[in-house]
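Produce the entire structure from the sequences given, and follow the hints as far as they go.
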Amino acid sequence: MNSHITQENMHSESNEFLSFFLGEEHYAIDIMTVKEIRGYETVTKIANAPSFIKGVINLRGDIVPIIDLRIKFSVGEATYTEFTIVIMLNVCDRIVGIVVDGVSDVIKLQDEDIRPPPEFGVAFDSKYLLGLASLEEHMVILVNIDSLISSDELGLFDNHATTKE
Amino acid sequence: MSIDMEQFHGVFFDESQEHLADMEQQLMALDLSEPDPEQLNSIFRAAHSIKGGSGIFGFDALTGLTHIMENLLDRARNNTIEMTTEIVDLLLETTDLLKVTLDNYRHQAEIEQSDIDEGISKLNCLMTSLDDSTTQNSSDSHHKGGNNQDDTGDIDGFGFFDDEPSDTNTAQIDSDGDDEDGFGFFEQPCATENELGNDENQGFGFFDTTSSETAPDSVAISDGAPDAAQTDDAGYGFFPENEHPKDDPSDNKKGYGFFEKLPAPSNKAKKTSTPKALKKSAAKSSTAKASVESSSIRVDTGKIDSLVNLIGELVITQSMLSQVSSDMPGEPNEKLQNAIAELTRNTREIQESVMSMRMLPMHFTFNRFPRVVRDLSSKLGKKVDLVIEGGNTEIDKGMIEKLVDPLTHLVRNSIDHGIEKTEDRLALGKAEMGTVILKAEQKGSSIIISIIDDGAGLNRERILAKAQENGMSVDTDMPDSDVWKLIFEAGFSTAEAVTDVSGRGVGMDVVRRNLEAIGGRIEIESSQGEGSSFNIHLPLTLAIVDGICVSVASQTFVVPLVNIIESVQPDPSQMKLISNEKLLWIRDQYWPLVKLHQTMQIEGAITEPSEAIVMLIESSNKRFGLLVDGLMGQQQVVIKSLEQNYRRVEGVAGATIMGDGQVALILDVESLANSVKANGMSKESTL
Numbered sequence: 001m002n003s004h005i006t007q008e009n010m011h012s013e014s015n016e017f018l019s020f021f022l023g024e025e026h027y028a029i030d031i032m033t034v035k036e037i038r039g040y041e042t043v044t045k046i047a048n049a050p051s052f053i054k055g056v057i058n059l060r061g062d063i064v065p066i067i068d069l070r071i072k073f074s075v076g077e078a079t080y081t082e083f084t085i086v087i088m089l090n091v092c093d094r095i096v097g098i099v100v101d102g103v104s105d106v107i108k109l110q111d112e113d114i115r116p117p118p119e120f121g122v123a124f125d126s127k128y129l130l131g132l133a134s135l136e137e138h139m140v141i142l143v144n145i146d147s148l149i150s151s152d153e154l155g156l157f158d159n160h161a162t163t164k165e
Numbered sequence: 001m002s003i004d005m006e007q008f009h010g011v012f013f014d015e016s017q018e019h020l021a022d023m024e025q026q027l028m029a030l031d032l033s034e035p036d037p038e039q040l041n042s043i044f045r046a047a048h049s050i051k052g053g054s055g056i057f058g059f060d061a062l063t064g065l066t067h068i069m070e071n072l073l074d075r076a077r078n079n080t081i082e083m084t085t086e087i088v089d090l091l092l093e094t095t096d097l098l099k100v101t102l103d104n105y106r107h108q109a110e111i112e113q114s115d116i117d118e119g120i121s122k123l124n125c126l127m128t129s130l131d132d133s134t135t136q137n138s139s140d141s142h143h144k145g146g147n148n149q150d151d152t153g154d155i156d157g158f159g160f161f162d163d164e165p166s167d168t169n170t171a172q173i174d175s176d177g178d179d180e181d182g183f184g185f186f187e188q189p190c191a192t193e194n195e196l197g198n199d200e201n202q203g204f205g206f207f208d209t210t211s212s213e214t215a216p217d218s219v220a221i222s223d224g225a226p227d228a229a230q231t232d233d234a235g236y237g238f239f240p241e242n243e244h245p246k247d248d249p250s251d252n253k254k255g256y257g258f259f260e261k262l263p264a265p266s267n268k269a270k271k272t273s274t275p276k277a278l279k280k281s282a283a284k285s286s287t288a289k290a291s292v293e294s295s296s297i298r299v300d301t302g303k304i305d306s307l308v309n310l311i312g313e314l315v316i317t318q319s320m321l322s323q324v325s326s327d328m329p330g331e332p333n334e335k336l337q338n339a340i341a342e343l344t345r346n347t348r349e350i351q352e353s354v355m356s357m358r359m360l361p362m363h364f365t366f367n368r369f370p371r372v373v374r375d376l377s378s379k380l381g382k383k384v385d386l387v388i389e390g391g392n393t394e395i396d397k398g399m400i401e402k403l404v405d406p407l408t409h410l411v412r413n414s415i416d417h418g419i420e421k422t423e424d425r426l427a428l429g430k431a432e433m434g435t436v437i438l439k440a441e442q443k444g445s446s447i448i449i450s451i452i453d454d455g456a457g458l459n460r461e462r463i464l465a466k467a468q469e470n471g472m473s474v475d476t477d478m479p480d481s482d483v484w485k486l487i488f489e490a491g492f493s494t495a496e497a498v499t500d501v502s503g504r505g506v507g508m509d510v511v512r513r514n515l516e517a518i519g520g521r522i523e524i525e526s527s528q529g530e531g532s533s534f535n536i537h538l539p540l541t542l543a544i545v546d547g548i549c550v551s552v553a554s555q556t557f558v559v560p561l562v563n564i565i566e567s568v569q570p571d572p573s574q575m576k577l578i579s580n581e582k583l584l585w586i587r588d589q590y591w592p593l594v595k596l597h598q599t600m601q602i603e604g605a606i607t608e609p610s611e612a613i614v615m616l617i618e619s620s621n622k623r624f625g626l627l628v629d630g631l632m633g634q635q636q637v638v639i640k641s642l643e644q645n646y647r648r649v650e651g652v653a654g655a656t657i658m659g660d661g662q663v664a665l666i667l668d669v670e671s672l673a674n675s676v677k678a679n680g681m682s683k684e685s686t687l
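Taken in sequence, the protein lines are chains W and C.
Position 20 of the first sequence, counting from 1, maps to 20 under the UniProt record's numbering, and the rest follow consecutively.
Position 368 of the second sequence, counting from 1, maps to 368 under the UniProt record's numbering, and the rest follow consecutively.
Treat the hints as calculated values from the structure; they're not laboratory data.
In this text, all values refer to a predicted model and were calculated from it rather than measured experimentally.
Treat each hint with caution, since some may be false.
Stated by the list, open to error - Straight-line Cα separation of at most 16 Å, EDC-like style, residue types lysine to aspartate or glutamate; simulated pairs: (1) C:Lys379 - C:Glu93; (2) C:Lys421 - C:Asp385; (3) W:Lys45 - C:Glu603; (4) W:Lys45 - C:Asp385; (5) C:Lys576 - C:Glu566; (6) C:Lys99 - C:Glu86; (7) W:Lys127 - W:Asp105; (8) C:Lys303 - W:Glu153; (9) C:Lys439 - C:Asp327.
This is the structure:
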């Protein structure tokens, strides 16, 4: 319900996206969810967490979990260098960081630029997709970051906490 | 716009809640034999503020109820009615109703209009019944040989000073011609002048004020005047009024001279001085109140929390700086180090004062208990005196709210189970009045809150019998302290009969759990026939925990100090094996081992206990040894929530930020023990 509303909002109100790379692939998220962009720093590991949750870091006093999207989507190689980027997001009243290979640009998209993803043959679960867009030669995958972050699949939130929100 | 209104609503609700709490407290404290006018005023003001606020926001149910309440209180403070227990009870009842209504408005729930109507009609009934008796009373006490009309005039004149002009009254006096009425007449315009805020000197010109200000209403006066003039030789008092309805101040002076001949002014001066003085004292007290209010501001706790966070960051940055500076060679370093030392001191002071912003005196919790005790003791027919000590002890705001329920339960318990019935007390040679002491004090780095009663004390035999009945393994030779702990088990009740106060056995285990949730523990002392004492130990603040930092491979963890018995490097001979799991034999006891690297899935840690460190840990009902690589020292750490952005993690109570900016996890020994038990590594019996 909640994610549905945000999805609609995205279509109608916001058409600016931050695009980033995971390996060779070009992804983009709603720019309004982006809090800041940082370099990768040492994380504190957390027991019993899935492999794509690297751990937590201290973001000016907040304990923030870091998710490596490359591991989650199985694209690219999860290496950590001085160029590895963490995008801090404000999603569902929470702060989370996602690890990506690089940030490329802010792109403006009209509603008509966004194509629906094919109904099958895509490994990526379409409920986390807003759509696909073409940018010159590239295909840009628009991720519905709200529903991805709050999904049970990611296990980032306690179930009761998610229902509460 | 609507969002703006919501903001104001929040403030109104908060304030009204405070007003209600204040009102309740003042009502409780009111000495009925000799009510303190200041207290009555303060109660009145509280009701008035709620009425005003609710009126603005259109919370009609509140407005209606407080209006009647205000009327009643107004008369109480004007001494036209006498405060009785009956009135206080009804007022307390009304504050309860107001609280419920306020909550309903706050949560946008349905308003129980029938309850409101009932509340209003109850107040109205009381007022009417008081009216009857008041008229009676006043004619007894105020009567000075005049007729009934005089009395009404007198009372109304009195009420007049509190902003209630009455035309009928004026007319009555006009039509009456004797001296006393003339005097009454003088008194009233004075009041009008008071009301209008004119300065005192002009009081002599009051006729002018009356006639010009109340001109539309004063037809009756003018009409009545000639009649009066005919019957009274002092009739000249009325003529100027007719002659100078629109006099300017210079004419007024003339008027003043004219009236000087009257004997009345002296009378009048005496009369006016009383209300004036009253007014002044009221004004003084309200300025006193205002200054108290202006010395504090209402701040969203979220803002303070973020300030605490930022200060924490500042402390970390500062320690980073000092680390960097200590690596720097040469002369500039010395200056830098001096500056950093200064910075260190400043940041520490800032941190302390920011922390203290979260602290509130225990009064905030304790103040509700006189009411609880009053209600409960009258319900149970016991005589109980509540003594509150150490209300000024400060405690973290986060804890104060969570303390209310456990404390309420314990106080109710003390009265219901502890304090004996009056006749039993007398038979035992105790004072008729039972005493419950609610005490808070700070001891070192913890706060101790005690609920002490001089009642019957816990019944050891009955607790043991009950425990056996419930199938718990008990030993009749158990020390008292272990017996008392039994009452914290779920479903445990020693009450002979289930009352609506207690006895369902859902209480004490919840009390303990609530207290543990805020890092506290509870101890019981009790002796048969002499009373019992429940002592709650709480950390000074929720936000800081004393802990020992331990290392496991490259990771750091914090173990709360309260749970640590000691740390040892075990001798290989102390290690025993049970189905291939190691047990530690120390202090005449076998300790199951929890390997932190295993539960926290850390690679590269020391696995051999005799090469590592074992911390002996005691949680509320389990003891175990925690295997870690090494100790890094004791430290106070600021607890950060892991759940805020992530989820709960088994075995972890929260996180903190170390001096190097890294995150360290704070271990939750309770759940750590549970997770181990689930893995079948522990042979600890389940409690």
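Hints not upheld, ascending by number: Numbers 4, 5, 6, 7, 8 and 9 - these are the hints that the structure violates, sorted from lowest upward.
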